[in-house]
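Chemist: Residue strings, one per chain:
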Amino acid sequence: MAAVFEFYLVAYRRVWRGSAMSSFVLPLLTMLGFGLGVGAYVEGGVDGTPYLDWMVPGLIASTALQVAVFESTWPVLSSFNWVRTYEGQAATPVRLDDILGGNLLFVVFRALTSIVAFLLVALAFGVLHSPWALATLPIGALLAFAVAAPTFAYSSSVTSDSYLALLFRFVVIPMSLFAGVFFPVESLPLGLRWLAYASPLWHGVDLSRAATLGVAPEWSVAGHLAYLAVWAVAGYLLARRQFAKKLVV
Amino acid sequence: MSDPRARVRIVANEPLIHARGLVKRFGSFTAVDGIDVDVQPGEAFGFLGPNGAGKSSTMRMVGCVSPPTGGTLRILGMDPRRDGPAIRGRLGVCPQLDNLDPELTVRENLTTYARYFGIPRKVARQRADELLDFVQLSERAGSKVEPLSGGMKRRLTIARALVNEPEIVLLDEPTTGLDPQARHLVWERLFRLKQQGVTLVLTTHYMDEAEQLCDRLVVMDGGKIVAEGSPRELIDRYSTREVVELRFAAESQAGFADKLAGIGERVEVLPDRILLYVEDGDAALAAVHERALTPASVLERRSSLEDVFLHLTGRTLVD
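Protein chains in written order, with my numbering: chain A, 218 to 466; chain B, 7 to 325.
No lab work stands behind these hints: they were computed from the structure. Keep in mind it's a predicted model, so treat the numbers as computed, not measured. Glycine included, each C-beta is placed from N, C-alpha and C at the ideal position. Check each hint, because a few of them may be wrong.
[Said to hold, decoys possible] Keeping only pairs whose Cα atoms sit at most 30 angstroms apart, straight-line, the calculated DSBU-like set for lysine-lysine is:
1. K463(A) to K150(B)
2. K462(A) to K230(B)
3. K463(A) to K159(B)
4. K265(B) to K230(B)
5. K150(B) to K128(B)
6. K128(B) to K200(B)
7. K200(B) to K159(B)
8. K128(B) to K462(A)
9. K230(B) to K200(B)
10. K463(A) to K230(B)
[Claimed, not checked] Using C-beta positions, here's what the derived DEER-type ranges look like:
11. K462(A) to G183(B): 26 to 32 angstroms
12. P277(B) to V232(A): 35 to 41 angstroms
13. R234(A) to G183(B): 31 to 37 angstroms
14. A92(B) to V255(A): 56 to 62 angstroms
15. G183(B) to G254(A): 52 to 58 angstroms
16. L245(A) to A147(B): 37 to 43 angstroms
Construct the entire structure; sequences and hints are all you get.
Modeler: In C-alpha cells form, the structure reads like this:
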C-alpha cells in the first residue's frame, strides 16, 4: 500500500505548487466575502458567535468533503478507463486492498493539505477560538475517507464521466448548502432537516465547529464518529467489491 | 541484468507455464475452451490467432489477474489461485495498450513501478537508468511521457516490464500500431532479451512477428488450439513450399479455377486472385502457360506462416 501511496505522491509533487496556491484562495476569499460582506448583515451572529467564526469550521469540513469527492471521481474513472493506472498496478505483486487503500490514503492526504491551508488563513484572521481547532484535521480525515470510499464505488461503476457531474449537482452541492455549513440545520423544514442529519457532512461540520469554537457539539462525539465510521467501512466494502469486479475478471 | 537463468534452473524439471484443459468463461461465453500449453525455460512462445480467439484471455490468466474457470494452470511451479502476488512478482507484463502515467517522467514511470515490487529506491533508480539505456530512451529520461511517439512509449512499457528482472515476460501484441522502424527496434530488443535467457510469451496476429521471434507457437481459433509447432514445422505441415498468385483480367476469377484444377496440391479462389499451393512455382507456372492461360499478373513466393494462419483460421473477418 505504501508503494501505491508513494506513486500518487510522486505524481502530486509535479503539481503541488499550483495546488497549494489554490488551496489558499478559497479560504482567503471566504474571509473577505463572508467576514466583511455577508457577516455585516448577520446581526448578533449565530447563538452569539460572530457569523464568520461560526461559518468557517463548517467550510473547513465542506472543503475536505469537496476535495475528497473530487479526487474520487475523475481520477478514479481515468485510472480505470483512460490512463489505466489500476491495470498496471494489478499486474504486480500489489494486492487489491493496496491499490484501493493506497489511492484512498492519497485522497485523505489531499483533504488534509487543504484543511491545513484553511486553518492557517483562519488563524491569521483570528477566527479560531480553541487549540482544539487542530482536531479538525483528524475529523476532516475521517470525513474525507467516509465520503471518498463510497464515491470510489460509484466512480468505478459508471462508464461515462457525465454521471460524475450528476453526483456533484445532486449530492455534493445540495449537501454543501444544507448540511449546516452556512446556517443551522434547525432552520430547515423537518423533512429536509433529517436529510441534513443523514448526510456525512453535517457530522463533520458539527464536530469541526465544536473544535474551533471550543464548545461541545450538538450531538455526542462518539455518535458522530461512529456514524462516519459506518460510512467509511460500508463505502470501502462497496468500493472493494466494485474494484474486484473490474480488475479481477 | 543479472542472469535470470540461474533462478530458472531450480525448477527446470517443470515447465515455467503448464496448462491442462484450461478454460475461461465469461457468463455463457467461453473465451478459452480447454487448452494444453507447456512453456519451457528460455523459450520464446507465441499465441497466434484472429481477434477473439482467446489469446488475451489466456495471457491474463497466465498474468494472474484473471482466475481460470476450469482446468489446471501452474506458473513457475505455483498455483495462480493461491500464489498470485508471488507469481506476479516474477513476471513482467507488457499490455496491449500502454498504461504508462502521462504526467510522470519517463524515469519516474520506471522507479514508481519498481516500488510495487518492493525494490529499494536506490536500486530502482539504478535499474531505471540501465533499462532506459537498454531501450534507447536515456536521452528522454527526464521528459514527460505524453509527447513520446508510439514506439518510444512501447519501448518504455517493455522497460517497465523488466524492472523486476522477471523470469517470464508476457507481451500482448507488442508491436501493434507501430511503424516499421519502431517494430524492428522492438523486435531487436526482444531478441536480445531472449538471448539473455528470458522466457518470452507473446500474442500477435502479425505472422512476420511470429516468424521473427517465436521458437514455438500455437494457433488459436474460437478458444481452442488448432495447431502447434515451430514456424517451419507449421508451414511444412499445413502449407506447400511455394505459392503462386495469379490475377486474371476478368470480372470473376472463379471461372478460371476449373481450368487450373490439378496444378499443385490446392487451388484457392479469392475475389481478386487465385492462389496455387505448389511445391515448385516455376513448374506450376509452366503448366499454367501450357493450358494457354494468360494471367494479367503473376507472383511466385515462398509459403509463409500467414498462409498457414489463413488456412487454419479461415478468411472470414472476425471483429
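Chemist: Each of the hints needs a verdict: does it hold here or not?
Modeler: Taking the hints in turn, this is what the structure says about them:
no.: 1; hint: K463(A) to K150(B); result: 28 angstroms, holds
no.: 2; hint: K462(A) to K230(B); result: 26 angstroms, holds
no.: 3; hint: K463(A) to K159(B); result: 25 angstroms, holds
no.: 4; hint: K265(B) to K230(B); result: 37 angstroms, violated
no.: 5; hint: K150(B) to K128(B); result: 21 angstroms, holds
no.: 6; hint: K128(B) to K200(B); result: 27 angstroms, holds
no.: 7; hint: K200(B) to K159(B); result: 21 angstroms, holds
no.: 8; hint: K128(B) to K462(A); result: 36 angstroms, violated
no.: 9; hint: K230(B) to K200(B); result: 27 angstroms, holds
no.: 10; hint: K463(A) to K230(B); result: 25 angstroms, holds
no.: 11; hint: K462(A) to G183(B): 26 to 32 angstroms; result: 29 angstroms, holds
no.: 12; hint: P277(B) to V232(A): 35 to 41 angstroms; result: 56 angstroms, violated
no.: 13; hint: R234(A) to G183(B): 31 to 37 angstroms; result: 36 angstroms, holds
no.: 14; hint: A92(B) to V255(A): 56 to 62 angstroms; result: 60 angstroms, holds
no.: 15; hint: G183(B) to G254(A): 52 to 58 angstroms; result: 56 angstroms, holds
no.: 16; hint: L245(A) to A147(B): 37 to 43 angstroms; result: 39 angstroms, holds
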